[in-house]
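Peer 1: Top line first, the protein sequences correspond to chains A and B. Using the numbering used here, the letters of the first sequence map in sequence onto residues 11 to 556. Using the numbering used here, the letters of the second sequence map in sequence onto residues 199 to 556.
Simulated from the structure, these hints should not be mistaken for lab results. Predicted, not measured: the structure shown is a model, and the values here were computed from it. Possibly wrong hints are sitting among the right ones.
[What the hints assert, rightly or not] With a cut-off of at most 25 Å between alpha-carbon atoms, the simulated SDA-like pairs for lysine to any residue come out as follows: (1) B:286 x A:495; (2) B:286 x A:410; (3) B:286 x A:37.
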Amino acid sequence: MTTVRVRFATLLLAAVPVAVVGVFFVYPVVGLVARGFWPDGAFAPTEVLDVLGRSRVHRVLWFTLWSAGLATLLAVVLGLPLAFVLHRLRFPGRGFLRALVLVPFVLPTVVVGVAFRQLTAPRGILGGLHLDGSAAAIVAALVFFNVSVVVRTVGAFWEALDPRAEQAAAALGASPRQVFGTVTLPALVPGIVSAASVVFLFCATAFGVVLTMGGLRYANIETEIYLLTTQELDLSGAAALSILQLVVITVLLVVASRVRRDPAPLQRAQSAARPPRLRDLPVLVAAGLVVAFLLLPMASMVLASLQQPVGWGLANYRALATPGDDNALLVPALVGLRNSLAIAVVATALSLGLGAVVAGLVSRRPRTATGRRVAGLFDGLFMLPLGVSAVTLGFGFLITLDHPPIDLRTSPLLIPVAQAMVALPLVVRIVAPVLRSVDPRQREAAASLGAGPLRVLLAVDLPVAWRPLLAAAGFAFAVSLGEFGATSFLARSDNPTLPVVIYRLISHPGALNLGMAMAASCLLAATTAAAILLVERLRIDSVGTF
Amino acid sequence: MRSRIRRSSRLVTGLAASTATLLALTGCAALGGEPDSNASKTVVVATHDSWNMPDDLIAQFEEQTGLTVRIQPQGDAGQLTNKLVLTKDDPIADMEYGVDNTFASRAVDNGVLQDADVDTPPSVDAHRLDGAGHDQLVPIDYSDVCVNVDDTWFAEHHRTPPRTLADLTRPAYRGLFVTPGASSSSPGMAFLLATIARYGDQWPSYWRKLMANETLVTSGWTDAYEVDFTGGGGKHGTRPIVLSYSSSPPFTIPEGATRPTTSALLDTCFRQVEYAGVLAGAANPAGARKFIEFMTQRRFQSALPDNMYVYPVLDSAEVPEDWSRWAPTAPDPYQVPADEVAANRSRWLTTWRDIVTG
Numbered sequence: 011m012t013t014v015r016v017r018f019a020t021l022l023l024a025a026v027p028v029a030v031v032g033v034f035f036v037y038p039v040v041g042l043v044a045r046g047f048w049p050d051g052a053f054a055p056t057e058v059l060d061v062l063g064r065s066r067v068h069r070v071l072w073f074t075l076w077s078a079g080l081a082t083l084l085a086v087v088l089g090l091p092l093a094f095v096l097h098r099l100r101f102p103g104r105g106f107l108r109a110l111v112l113v114p115f116v117l118p119t120v121v122v123g124v125a126f127r128q129l130t131a132p133r134g135i136l137g138g139l140h141l142d143g144s145a146a147a148i149v150a151a152l153v154f155f156n157v158s159v160v161v162r163t164v165g166a167f168w169e170a171l172d173p174r175a176e177q178a179a180a181a182l183g184a185s186p187r188q189v190f191g192t193v194t195l196p197a198l199v200p201g202i203v204s205a206a207s208v209v210f211l212f213c214a215t216a217f218g219v220v221l222t223m224g225g226l227r228y229a230n231i232e233t234e235i236y237l238l239t240t241q242e243l244d245l246s247g248a249a250a251l252s253i254l255q256l257v258v259i260t261v262l263l264v265v266a267s268r269v270r271r272d273p274a275p276l277q278r279a280q281s282a283a284r285p286p287r288l289r290d291l292p293v294l295v296a297a298g299l300v301v302a303f304l305l306l307p308m309a310s311m312v313l314a315s316l317q318q319p320v321g322w323g324l325a326n327y328r329a330l331a332t333p334g335d336d337n338a339l340l341v342p343a344l345v346g347l348r349n350s351l352a353i354a355v356v357a358t359a360l361s362l363g364l365g366a367v368v369a370g371l372v373s374r375r376p377r378t379a380t381g382r383r384v385a386g387l388f389d390g391l392f393m394l395p396l397g398v399s400a401v402t403l404g405f406g407f408l409i410t411l412d413h414p415p416i417d418l419r420t421s422p423l424l425i426p427v428a429q430a431m432v433a434l435p436l437v438v439r440i441v442a443p444v445l446r447s448v449d450p451r452q453r454e455a456a457a458s459l460g461a462g463p464l465r466v467l468l469a470v471d472l473p474v475a476w477r478p479l480l481a482a483a484g485f486a487f488a489v490s491l492g493e494f495g496a497t498s499f500l501a502r503s504d505n506p507t508l509p510v511v512i513y514r515l516i517s518h519p520g521a522l523n524l525g526m527a528m529a530a531s532c533l534l535a536a537t538t539a540a541a542i543l544l545v546e547r548l549r550i551d552s553v554g555t556f
Numbered sequence: 199m200r201s202r203i204r205r206s207s208r209l210v211t212g213l214a215a216s217t218a219t220l221l222a223l224t225g226c227a228a229l230g231g232e233p234d235s236n237a238s239k240t241v242v243v244a245t246h247d248s249w250n251m252p253d254d255l256i257a258q259f260e261e262q263t264g265l266t267v268r269i270q271p272q273g274d275a276g277q278l279t280n281k282l283v284l285t286k287d288d289p290i291a292d293m294e295y296g297v298d299n300t301f302a303s304r305a306v307d308n309g310v311l312q313d314a315d316v317d318t319p320p321s322v323d324a325h326r327l328d329g330a331g332h333d334q335l336v337p338i339d340y341s342d343v344c345v346n347v348d349d350t351w352f353a354e355h356h357r358t359p360p361r362t363l364a365d366l367t368r369p370a371y372r373g374l375f376v377t378p379g380a381s382s383s384s385p386g387m388a389f390l391l392a393t394i395a396r397y398g399d400q401w402p403s404y405w406r407k408l409m410a411n412e413t414l415v416t417s418g419w420t421d422a423y424e425v426d427f428t429g430g431g432g433k434h435g436t437r438p439i440v441l442s443y444s445s446s447p448p449f450t451i452p453e454g455a456t457r458p459t460t461s462a463l464l465d466t467c468f469r470q471v472e473y474a475g476v477l478a479g480a481a482n483p484a485g486a487r488k489f490i491e492f493m494t495q496r497r498f499q500s501a502l503p504d505n506m507y508v509y510p511v512l513d514s515a516e517v518p519e520d521w522s523r524w525a526p527t528a529p530d531p532y533q534v535p536a537d538e539v540a541a542n543r544s545r546w547l548t549t550w551r552d553i554v555t556g
């Protein structure tokens, strides 16, 4: 009787996020891909298959795989020391640094593209490295954007890790390196795999970076879909590439879930942050170098924002309340910021609500093989939005969500919904690994003592999940603030978000407009950092309640 | 045992409530569209991201006519056209503005538009297309995509700036030219079309020479102009020749000075004309017609240069003084017929991409 009830509740719980992702993601994407297979109403799969045989498509696929793979590897390698320093050590200014590290993730790619190119162009500071227009520059920019994902995801996991196993190993005579290699790293693997799979998806679907940094010499599947759909209206080609994208993602998810499968349950404790010691020096140096790498393009951006037609000053910032040089804007940048914030609040709430449900469900360990398979599918479904082209989704919205009862093409609600789709997988990836490592026996014990499912949730899961949940909230907020791809498809001219405003400024001539775009980007960066700091502050205040 | 059941049923109730909320949310959004009775009061305009006309101008039109105008940007001219084609059975708007002469045939051939039935003065008619598009697409504005040079740089280096497309392949200008690419940028496409108009079937060989002369191809205009061009916003540029617009030079008049530091080469230009049209199956074709008419009138036309950096098609419209002095249009720009562009676009882009990406 009760198991039936519980199973029913689980199904109902699962139905909500499935319905949302089904309507706002699967349906539009399938709709557009189907157009490619049925070009004039008649089923013509050969055209799609022909596209897969083109040698250009093979080149594009290969570039996508190796650039994303390499960038993921580098982001993990660079992100780990930083995750350790920011989440296991305690020092003044840590909260600020945590927020700062997250900033690159939200910066508009157009602006970072220009900032990066100003560094790597022949006359830039790094001009001597001849990186301009090279594949190395693309990979560097991808790493720049994604290190924060690793820091955040692995950091949240690391923070919740009980330090006593490490202490025990050390007490038994293991060197710090041995402790890391034999105790810490294996325990971190699920978190790292989670982060790496998200980063890989981000890199494999990177769009603005590849276009700007690659100077057209390089193309990945995403830029190719963009060109085929928006410029050539070759839907068969776009469908073929979308399917290729789905295949890549599926393979990735299967591999990731194999690696991640059944991590040993961990004993958890309160935050174990400690002050830095002398033996942390190598890690601190490594983390410092990574921070410097993240700061360089941002510094270049700040400098550009302070550059006036004559000399230096805050003219660009003062101009943010105006429509710009020769009315480049319909709406002042500050209004754009207000729109962004309002949308971000809704998007964060949506993604956090759905994400918590999904994370809770995927972290349960079903007893039957079928149950596990269903749980795996369920998990994968919510990763898909990260790996599918924003162009495909945007065009899919247009041709599918156009009939009552869901005529949403012009609804302002579509923007936070679309952003929540992007943030949802991140919320799941941050929260699920932590929940999954809760020993199921704790839940069983609670249940056998008479606690209902809700009580188990509150007494067992929440004490472990509140940290990653808050971390995820900050991340989701940041994602929403910086989201450009889907938003630019959906924003109306009278309610643009800040990234949309920045894009407009930077695509109009005029020195003041470029300066204002840089200033607006700095404002976006500062707002993001402030939001993250606020979340961090909430975390500290709430320590006492548990 | 009892209490456990009660708890889980409370959970179920909560879930049911949240599902209902969610459905209500999507339901509300579905109802958020304009009710049918209001359709004749609203004109929905699908346009490109560059739309930037002042609110008070639109308010004037709304006051005059009692109509409400809703502007919906849909990406660049290519995205706009493709979205119109994809949604032609259930149009996203009443009218479009922003389909240009490089995409016009795609819109016309796919039956996206109906006859506009808007009478326009001869200076506007002069920009109309030939063939089926003639009555469907009403010209609104145009711009000349031209090679620009940094005169200051050339003066400082005691060198003569180039004048023609052919000059760009000469050793004297090796490594000095930067252009956005044709596959990802609409001025880039215009430049490719200029070279096709100039060299005919021989254009691939011109582009090979251009690439051999160390031309840099970027993805977008912003990159080319603001990063690589010496006369642009950034201070790191190394290339004094860039592809931009004939209207770009006035933006380079330094603070306190009277003349720009750059100029456009008027023998290298391709003319882009932008059109407005009534969509087939529009809910409010009459309102769309009225707005298109308004767009071709003097007040709207005179506001175009300052707000959207394009020239008005109406010859009696006012043009800012800076523009008439420093941004003249090309006397004899290159042109490629719209149907030829439509027929060859894919093939040209593939060939171009192979040459440029090597």
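Peer 1: A separate judgement is required for each hint: does it hold in the structure or not?
Peer 2: Hint by hint, here is what the structure shows:
no., hint, in the structure
1, B:286 x A:495, "holds (24 Å)"
2, B:286 x A:410, "holds (13 Å)"
3, B:286 x A:37, "holds (20 Å)"
In summary, this structure violates none of the numbered hints.
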